[in-house]
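Protein chains in written order, with UniProt numbering: chain A, 1 to 189; chain B, 1 to 189.
Some hints here could point you the wrong way.
What the hints assert, rightly or not - Pulled a few chain B residues facing chain A out of the computed Cβ check, cut under 10 Å:
{"id": "1", "residue": "Arg116"}
{"id": "2", "residue": "Arg146"}
{"id": "3", "residue": "Asp148"}
{"id": "4", "residue": "Ile149"}
{"id": "5", "residue": "Pro150"}
{"id": "6", "residue": "Leu154"}
{"id": "7", "residue": "Asp164"}
{"id": "8", "residue": "Gln179"}
{"id": "9", "residue": "Leu180"}
{"id": "10", "residue": "Thr181"}
{"id": "11", "residue": "Ala183"}
{"id": "12", "residue": "Arg186"}
{"id": "13", "residue": "Ala188"}
Claimed, not checked - With the C-beta cut set under 8 Å, the calculated list includes, among others, these residues of chain A facing chain B:
{"id": "14", "residue": "Glu153"}
{"id": "15", "residue": "Phe157"}
{"id": "16", "residue": "Gly160"}
{"id": "17", "residue": "Ala161"}
{"id": "18", "residue": "Asp164"}
{"id": "19", "residue": "Leu174"}
{"id": "20", "residue": "Arg177"}
{"id": "21", "residue": "Thr181"}
{"id": "22", "residue": "Ala183"}
{"id": "23", "residue": "Ala184"}
Hint data in this document are derived by calculation from the structure and do not stem from the laboratory. Backbone N, C-alpha and C fix where the C-beta goes; we use that ideal spot for every residue, glycine too.
There are 2 protein chains.
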Amino acid sequence: MPKIWADTMELHRRDMRASILDATAALIAEHGLGATTMLAIAERAGMGRATLYKYFRELDAVLLALHERDVASHLAELQAARDRQGTPWQRLERVLDTYARLAHVEHGSELVARMRHSESVARGFQQLGQLLQALLADAIAQGLVREDIPPPELAAFCIGALSDAHTLPSQAALRRRVQLTLAALRPAG
Amino acid sequence: MPKIWADTMELHRRDMRASILDATAALIAEHGLGATTMLAIAERAGMGRATLYKYFRELDAVLLALHERDVASHLAELQAARDRQGTPWQRLERVLDTYARLAHVEHGSELVARMRHSESVARGFQQLGQLLQALLADAIAQGLVREDIPPPELAAFCIGALSDAHTLPSQAALRRRVQLTLAALRPAG
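Chain A with its partners taken away, still in its complex shape:
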């Protein structure tokens, strides 16, 4: 097959997969995970069920792919928040705000709960932990964060303290939770 055809087909496959995952995310957000079936996904994505099954052999495979796409895009957002200018403290604050906001998105939390034993959840939390640890170490070096507790423990604390972010009732409550979490990190006065 000429390369240009192969590229076109690959592009088409990628578009199809993206449409399927977009449709799934929309369904979960609107009707919950319980109502998200292969039939509903096919209808929402505007394709036949047979076509959908060519891309994903079962619902769990769709959910896993959606979750992996979420994790990748969340990590990219968190890295962007980390890399914007500012002191380590400001960057830490931005990363925690971003994480809390991402964790607050409804379809994400239901999906994470369903996928909680999957490797992609474990890998996502591991990468988040590493990102936080590095940032915390920078902040400690500049005297902005307490130095009496090792960065891995501080990072785990931050993740735990925001673990129920999806249950908080408002953006203001989310913001207060991040401030509370940050307050714990201040050097002991």
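Position chain B relative to chain A; hints supplied.
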């Protein structure tokens, strides 16, 4: 049936149930939830399988009863920690230390994960939340805890910040986590 017989039988039934739950807790602690079967429980409790099934019709019923017993005894311990003398701050510290220690017990965390959608978990967390909220309100009234965040949010933060206590590697790490959580509650300034 004479009342004394009925009382004796009721006492016997209670002892049998307690032995079954003790055996189950020991099995989970030693071999994990996966290895805990009705047969293993019967053997460990020193009774026939038929006897065990007279008390519990299936494994999930044993696990639920064990979990409910844990929740009740944990709440009693937390209430005792709350009721010992001291300032609201000292009592709060004692309650959080106690909660972190209880959450650290291995068989408990595996069981809580399995039971996480059960009403008894929800009820347990609700009672813990109420206990913390009342204590936090007392501490706020005495100027010991920040007043810019409502007690229900502070209580949820404490529970979240200790939610991964069972993953912490040592008692010292557990102690540091409680101190970190408490640091967030101090009045600003």
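Inset, instruction - Tell me, in ascending order, the numbers of any earlier hints that this structure violates. - result: 19
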